[in-house]
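Peer 1: So the protein sequences, as listed, match chains A and B. Number 303 in UniProt numbering belongs to position 303 of the first sequence; there are no gaps in the numbering. Number 21 in UniProt numbering belongs to position 21 of the second sequence; there are no gaps in the numbering.
These are computed hints drawn from the structure, not numbers from a lab. All values reported here derive from a predicted model rather than from experimental measurement. Hints are not guaranteed to be accurate.
[To be verified] Not everything, but these chain A residues come out facing chain B in the computed CB check (under 8 Å):
1) 298
2) 299
3) 300
4) 302
5) 303
6) 335
7) 336
8) 338
9) 341
10) 347
11) 348
12) 351
13) 352
14) 355
We put the beta carbon where it would ideally sit given N, CA and C, even for glycine.
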Amino acid sequence: MYSTKTPTLRIDEADLKCKNGCGFYGNAEWEGYCSKCYREYLQKQRSQTECNVYGQGYDLASSNKNTISAHQKYEEKKVQQEKKYKLLNISFRKPVTKVQGYQELLYELTKDNPDLEKVKTDNRDLIAMIAKTPVERDVRKCMHSFIIEILQNKDVKRIEELSEITQNFYQVFAKRLENSAKYADITPEIKEKLLDYVERYAMTLLYRILFCPPFTNDEEKDLAIQKRIRQLNWVSGKNLECRIHETSSEVRELVYTSITDLLNMDSAKAPQEKLSCVIYCCRNIFLMLQQSVGGPASADEFLPALIFIVLKANPARLKSNINFITRFCNASRLMTGEGGYYFTNLCCAVSFIENLTAESLNMDEKDFNAYMSGERVPANTWESALMICESLHLMCEDITLLDEMKAKTTEIMTEALNLKEKMLQFQEEMKSEVNMVLDKTPLLITHSQRLPTNLDCEDIESYQLPPPIIPQVCPTTINNSTPQNDMRISLIEDCITPSPTFDFPSFIGDDSFDVSKAEDETSLISLDTQSDFDTQQDKSTNELLVSTHLNLPCSTESEQEDYHGFTVQGSNIPTIPCSTGDLSLNSTEMDCENYTSYFHNT
Amino acid sequence: MNRVDLKVVLLGNAAVGKTSLVERFVNERFNESLSYQNTIGAAFAAKQMQVNGKRLIMGIWDTAGSEKYDAMSRIYYRGAKAAIICYDIIKSNTFQRAKFWIRELRTVEEGCKIYICATKNDILEHGAVPSPDINVVETYAAGIQAKFFITSSKTGENVAELFNEIAQDFMSDPNNVQKVEEVIDISNESKGTYCCQ
Ligand SMILES: Nc1nc2c(ncn2[C@@H]2O[C@H](COP(=O)(O)OP(=O)(O)O)[C@@H](O)[C@H]2O)c(=O)[nH]1
Ligand SMILES: [Mg+2]
Chain A
1 MYSTKTPTLR IDEADLKCKN GCGFYGNAEW EGYCSKCYRE YLQKQRSQTE CNVYGQGYDL
61 ASSNKNTISA HQKYEEKKVQ QEKKYKLLNI SFRKPVTKVQ GYQELLYELT KDNPDLEKVK
121 TDNRDLIAMI AKTPVERDVR KCMHSFIIEI LQNKDVKRIE ELSEITQNFY QVFAKRLENS
181 AKYADITPEI KEKLLDYVER YAMTLLYRIL FCPPFTNDEE KDLAIQKRIR QLNWVSGKNL
241 ECRIHETSSE VRELVYTSIT DLLNMDSAKA PQEKLSCVIY CCRNIFLMLQ QSVGGPASAD
301 EFLPALIFIV LKANPARLKS NINFITRFCN ASRLMTGEGG YYFTNLCCAV SFIENLTAES
361 LNMDEKDFNA YMSGERVPAN TWESALMICE SLHLMCEDIT LLDEMKAKTT EIMTEALNLK
421 EKMLQFQEEM KSEVNMVLDK TPLLITHSQR LPTNLDCEDI ESYQLPPPII PQVCPTTINN
481 STPQNDMRIS LIEDCITPSP TFDFPSFIGD DSFDVSKAED ETSLISLDTQ SDFDTQQDKS
541 TNELLVSTHL NLPCSTESEQ EDYHGFTVQG SNIPTIPCST GDLSLNSTEM DCENYTSYFH
601 NT
Chain B
1 MNRVDLKVVL LGNAAVGKTS LVERFVNERF NESLSYQNTI GAAFAAKQMQ VNGKRLIMGI
61 WDTAGSEKYD AMSRIYYRGA KAAIICYDII KSNTFQRAKF WIRELRTVEE GCKIYICATK
121 NDILEHGAVP SPDINVVETY AAGIQAKFFI TSSKTGENVA ELFNEIAQDF MSDPNNVQKV
181 EEVIDISNES KGTYCCQ
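Next comes chain A alone, as it looks inside the complex:
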């Protein structure tokens, strides 16, 4: 039973605060304002409606076409009036509310009330059982007359009197269930359920009217106790002599659960629902104490623990809720049963908190005052304990996260090692395969091929020229540069790449020209000039050369020795394209593909 109760989320505090943002708690009953702001808001509304009275009257008189909206307006006004009365009755009380007033209010309370629908669906079986029987009619009648009585009296009677009316109704109705002939053939269990249903339904319906009504000082008390609890936030479990092992995660969870249970009390509507929130909370405290003490806890451990939970929960509208339960929960339930016991303990806890002194915490007066004024902040406050809990929580989460990350890292590491091994293996394989292929298919020059570079040359004859000559030193070819030879060379030159096509017959002996520099764009120009030199046969000085070949940089004396010369044959070495065996190429390609596919797979 305890385990099925899962903690629900705590209501955001902002939702409870006054719409005006004044810092006080608001109330749905006051349209989300706190009592003070609501009063002001109503005042404003009232002055506005007063201004509109003429206009509205005129509207009604002049056009009847808009009757529906007019009716709505009337209703709205009625509601406002109701609220106005409710507020004004602090100063003066209307003896009797108008007859239609409560009918309208009842309609408004019943209409679109999700809580009421929930009560109905929760008791679906019961309603179905008594449907269309005299029992149902009687229950309905009793309930209706009670609700009307409350609505009629809500502005003229004090809350204590309303409580009396309610308790009286419970008693009378219980007696009626026992004694009336109408209920004769109903089992006691069903009677209990009926009693419970009637209480639940009526109280849910009247919740807005009876919970923390503006004509009581409940709200001030709520704020007072809230402030008090906030002031006491330094009180630790040790101060209260309660044995809670805050370091145990199970205990911590139970502390949180019981705090949540207690906080849920404010959102519950019917008094017995609120009471069951208290019961859940207390049962969880017992579970927690059992964990902490190591055995069943008794009242001596329970009360301090409950005080501790109340201090740490600081429930919203605590006093209002307690008062609502005290006033409107069936007294027979509240006085005797388990719920009653726990509720009484809650009241005790609140009373203890209200009257808490240095003595009740076994503390020095001076210390107590120092803590109360906030001068001193003990290390072992619940705030810090909570923070520690929070941090412990975070740490636990982080540890699990780290564990996960560690697992992932090791996984990655093993995979990386795997990959490395695979890569090495692959490398080895590749190497051996390449070697194998190389062994299988040695580099063979199958056929030479000249790459035509001069696209303008369409002379096919050049291809029909004899294969290249094996280079050999032949001084005659250099020196005897006959016109035919020249012609022939130039013919060859046209067909091959220009870079190695230098022919410097006149310079060979002198070693005076740096040919390596001829690789740049000026090579052709230089060639031209060289040919000039050639024809002139002018053995000019270096200085002259430099001056004429302005584009030839660094033609310095130091480089002269480096020149080794070119032979015509050397320059004519054709480019030899080589191709290796096609078979082996294919196989390596396949391997590559396999490898990539391996990566895709992993």
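Go by the hints and put chain B with the ligands onto chain A.
Peer 2: Same frame as chain A, but now just chain B with the ligands:
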């Protein structure tokens, strides 16, 4: 729903034996090994009882004994029909505290019957001397129209008698009888007990 007809509160100093008394009465055991105990807490217990052919459920409220909660004890005994005020049979200071609660109850909760209970009677066998003297307490009890029981939770002596007396007294009041439902079938009767459940 667990209907409880009669609320009984236990009052007394810490460690005088209140919890043990409830344990003995409700579960008929004393200081037993914790592993046998299936209750999560022993602060509230309800026990079904039978008096003159009528059934009633007694709710027994244990209280925290520490003096710092004395101010709240009023909240506890509100609506109680009976109060068992315990004191340790050999500790006179606990009896002084008992007298304090009796005065409180008399002024605040007039409808509450008072039962004075001297606990741990079994230790007298080992040569301990009751303090105050039993006669003194008896005279005091008679003076305030309270009943006096000398019990031992260890042996179970007088424990059932004490609670039965409370039930009897409750039923003998005609105002209370009306509220208690008649036993429909006595043969079907079982001594049901539930504790904090
Ligand atoms: N010998 C003996 N010891 C008892 C008796 N009743 C209680 N005790 C012991 O008194 C101590 C306090 O009892 P407890 O029931 O916890 O007292 P409480 O604080 O009043 O609830 C425990 O160690 C019990 O074992 C009794 O009848 N006889
Ligand atoms: Mg105890």
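Peer 1: Hey, does the residue 299/A contact hint survive, CB to chain B under 8 Å?
Peer 2: Cβ of residue 299/A sits 4 Å from chain B, so the hint holds.
Peer 1: Identify whether the interface hint at residue 348/A stands, where standing means a beta carbon of chain B within less than 8 Å of its own.
Peer 2: Constraint on residue 348/A satisfied, holds at 4 Å.
Peer 1: Given residue 355/A as an interface hint, is the shortest Cβ-Cβ distance to chain B below 8 Å?
Peer 2: Holds, because the Cβ-Cβ distance from residue 355/A to chain B comes to roughly 6 Å (cut-off 8 Å).
Peer 1: Min Cβ distance, residue 341/A to chain B: is it shorter than 8 Å?
Peer 2: holds (4 Å)
Peer 1: Holds or violated: the hint that residue 298/A contacts chain B, with Cβ atoms closer than 8 Å.
Peer 2: Since the shortest Cβ distance to chain B is 4 Å, the answer is holds.
Peer 1: Tell me if residue 351/A is really an interface residue toward chain B, meaning its C-beta lies closer than 8 Å to one of theirs.
Peer 2: Hint holds; residue 351/A Cβ to chain B Cβ min 5 Å, cut 8 Å.
Peer 1: Identify whether the interface hint at residue 347/A stands, where standing means a beta carbon of chain B within less than 8 Å of its own.
Peer 2: OK, holds: residue 347/A within 8 Å of chain B, min 5 Å.
Peer 1: Was the hint right that residue 338/A lines chain B, CB cutoff 8 Å?
Peer 2: The hint holds - residue 338/A has a Cβ within 8 Å of chain B, the shortest such distance being about 5 Å.
Peer 1: Identify whether the interface hint at residue 336/A stands, where standing means a beta carbon of chain B within less than 8 Å of its own.
Peer 2: holds (4 Å)
Peer 1: Would you settle whether the hint for residue 300/A is holds or violated, based on the nearest Cβ-Cβ distance to chain B being less than 8 Å?
Peer 2: This interface hint holds because 5 Å falls under the 8 Å limit.
Peer 1: Holds or violated: the hint that residue 302/A contacts chain B, with Cβ atoms closer than 8 Å.
Peer 2: holds (5 Å)
Peer 1: Does the interface hint hold: is residue 303/A within less than 8 Å of chain B, judged Cβ to Cβ?
Peer 2: Status holds, d = 4 Å.
Every hint from the earlier list agrees with this structure, and none is contradicted.
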